[in-house]
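Engineer: Here's the letter readout for the chains.
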Amino acid sequence: MDSLITAAARALATGDPLGALKRVALRDDAPALALRGIAMAQLGDLVRAKALLKSAARAFGPKEAVARARCVVAEAEIALVSRDLGWPAKALDAARATLEKHGDHVNAAHARNLEARRLLLIGRLDEAESRLAGFDPTTLPAASRAAHELVIAGLAIRRLRTKAARVALARAEHAARQADIPALTAEVEGASLVMDTPAARLIARGEERPLLLEEVEALLASGALVVDACRNVVRDAGMIVSLATRPVLFALARTLGEAWPADVPRSTLVARAFGGKHADESHRARLRVEVGRLRVELRSLADVSATKRGFALKPRRPRDVVVLAPPVDEQHAAVLAFLADGESWSSSALAIALGASSRTVQRSLEQLAAAGKVQSFGRGRARRWMTPPVPGFPTILLLPGSLSGY
Amino acid sequence: MKRSAAEVLREYGPFPGVDQVAGVTFDGQHVWFASGDRLNALDPASGKVVRAIDVAAHAGTAFDGQHLFQIAEDRIQKIDPKTGQVLATIPAPGGGGDSGLAWAEGTLWVGQNRGRKIHQIDPQTGAVLRTIDSNRIVTGVTWIDGELWHGTWEGDESDVRRIDPETGKVLEKLEMPPGTGVSGLESDGSDQFFCGGGNSGKVRAIRRPRRGSTSK
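Just so you know, the sequences run in chain order A and B. Positions in the first sequence are counted from 1; adding 6 to them yields this note's numbering. Positions in the second sequence are counted from 1; adding 416 to them yields this note's numbering.
Check the hints yourself; a few may be wrong.
To be verified - Straight-line distance between alpha carbons at most 27 Å, and here's what the computed DSSO-like set of lysine-lysine pairs gives:
hint : chain 1 : residue 1 : chain 2 : residue 2
1    : B       : 585       : A       : 69
2    : A       : 107       : A       : 96
3    : B       : 533       : A       : 28
4    : B       : 585       : B       : 533
5    : B       : 533       : B       : 498
6    : B       : 494       : B       : 533
7    : B       : 618       : A       : 107
8    : A       : 107       : B       : 589
9    : A       : 56        : A       : 28
10   : B       : 418       : A       : 69
11   : A       : 96        : A       : 169
12   : B       : 533       : B       : 418
13   : B       : 618       : B       : 464
14   : A       : 107       : A       : 169
15   : B       : 464       : B       : 494
16   : B       : 464       : B       : 585
17   : B       : 494       : A       : 28
18   : A       : 69        : B       : 494
19   : B       : 498       : B       : 589
20   : B       : 464       : B       : 498
21   : A       : 320       : A       : 379
22   : A       : 69        : B       : 533
23   : A       : 69        : A       : 56
24   : B       : 589       : B       : 618
25   : A       : 69        : B       : 464
26   : B       : 494       : B       : 618
27   : A       : 96        : A       : 69
Everything labelled a hint here was simulated from the structure, so no lab data went into it. Here the structure is a predicted model, which means the values were calculated and not measured.
Between the sequences and the hints, there should be enough to build the whole structure, so can you do that?
Structural biologist: Right under this line is the structure:
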């Protein structure tokens, strides 16, 4: 490495991106481009940073595979922070393999973390878990360790393993303090808020109350029959019946669950399931058909029995019936859930994350924007969506070090 | 051209508080190595750092028998090793892209990393007297018994090579083991070279081929 590159790299390492830029601003050789890219990323100009890292990767010679791979990892991190989830995951995987082969274990681990973070964000939890299986973070620098523990915590939260989540968050906090990066500590604190914020509402015997994540976990383990409106399933401790693709059946199950142990009049069921105001003869006939279908779906969990004025849910074994609902009933709850991370998303990234079509997501976003619940910036392909910003919730960049290859 | 595998005789470090070794030089007793914001004096017998001077030290290091020369950013500092004081500063010929530094016969020799060049300069003014082209990234530079040697390091490949100071032609190559790079170079005046190990934070001693066994 040459003199000014060493000086600039030292400035970057001590959190002085402007000092680094000052030293290499006019240079266009590969290490200078890479350092400028990282400095720009730390200063928040992600578009410029991405372009600089791309040209740095091109400028490194054919023998400088490690330096090139580090550029790819840095580029991938910028893409992740900009919620540009369409970036080539294969390139990152290849870069990780190169780093591993050449003994750069710290940056290889960083690359693996990025892969897991992306998979977690787009809800591919099994893949994210397998990416981290057998991975030992103890040799990583503190900042990377904190990022790793955040991924573990995120997975545990999605899996409703709150004890594991709390342990991982505590470790993340410890590592963030060791790294002494205030933005990272703030990010961990932000993530920890999830544990103390109501995650769902419990509706039981006509009463409602908010539930923390830990209470949700306890409820699902309690053996109660849960009509889960967060995931559109009906479940007890041992079994799950998904009605995610049967909205009418789920609406019936939810209405019956909310009223349990009382029954529900036919007119109420018709209104909730079909949106009709009055139950005429054709509605009654259709209701009978749908209740029959629901009976078949739920047969191992509960019966749906006819009463004088309507229907009632009867669990197979003596147990409570409750309804678990999202904290706020919201038409576009899934879209909002992703945007709730405080980052900006492209509508195509949201479509990837939700497994929905871009058109569907676009329509949801437009309706949410009209209601003032989301905002957008940029135009055309560069347009990004976010919820109104939550203070103190940055996503910090932990770009890989020593890009020049020494 | 003669090529052989470099024989690593001894490894020093890593040293506490040193995450990178840039230039190295030898004052007859201690190996001085640059580590960013410090020049460290290593006792090659005990392997311990016995002294350090707090001075910006980003690349090559040299010794003229009396003073230390040290590249920092885009200049070369002349340092009194007794007091640690910077006595004079001249511009570095590579404008900050400079890597290795060596003293020989009243002039300084400066490696220009990606410029793939070695400059001979006037130690008073920094004026370039002569430039030799290399076909590899240049790291450390040293003179011993009329031979000009320099280190190269590109990706996973690194070697120490003797070149013809007139034509730049490569005469002899000592190839470093894979993953072992040379970031600074100095001979001990006899049968060893000291090599900086970059981000490994190490200094290595390798065997210098015996005189008479080298051929053109």
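Engineer: Confirm or reject each hint.
Structural biologist: Hint by hint, here is what the structure shows:
no. : hint          : in the structure
1   : B:585 / A:69  : holds (22 Å)
2   : A:107 / A:96  : holds (17 Å)
3   : B:533 / A:28  : holds (25 Å)
4   : B:585 / B:533 : holds (12 Å)
5   : B:533 / B:498 : violated (32 Å)
6   : B:494 / B:533 : holds (22 Å)
7   : B:618 / A:107 : holds (21 Å)
8   : A:107 / B:589 : holds (26 Å)
9   : A:56 / A:28   : holds (19 Å)
10  : B:418 / A:69  : holds (22 Å)
11  : A:96 / A:169  : violated (34 Å)
12  : B:533 / B:418 : holds (22 Å)
13  : B:618 / B:464 : holds (12 Å)
14  : A:107 / A:169 : violated (36 Å)
15  : B:464 / B:494 : holds (25 Å)
16  : B:464 / B:585 : violated (38 Å)
17  : B:494 / A:28  : holds (24 Å)
18  : A:69 / B:494  : violated (35 Å)
19  : B:498 / B:589 : violated (36 Å)
20  : B:464 / B:498 : holds (19 Å)
21  : A:320 / A:379 : violated (39 Å)
22  : A:69 / B:533  : holds (19 Å)
23  : A:69 / A:56   : holds (22 Å)
24  : B:589 / B:618 : holds (22 Å)
25  : A:69 / B:464  : violated (35 Å)
26  : B:494 / B:618 : holds (25 Å)
27  : A:96 / A:69   : holds (21 Å)
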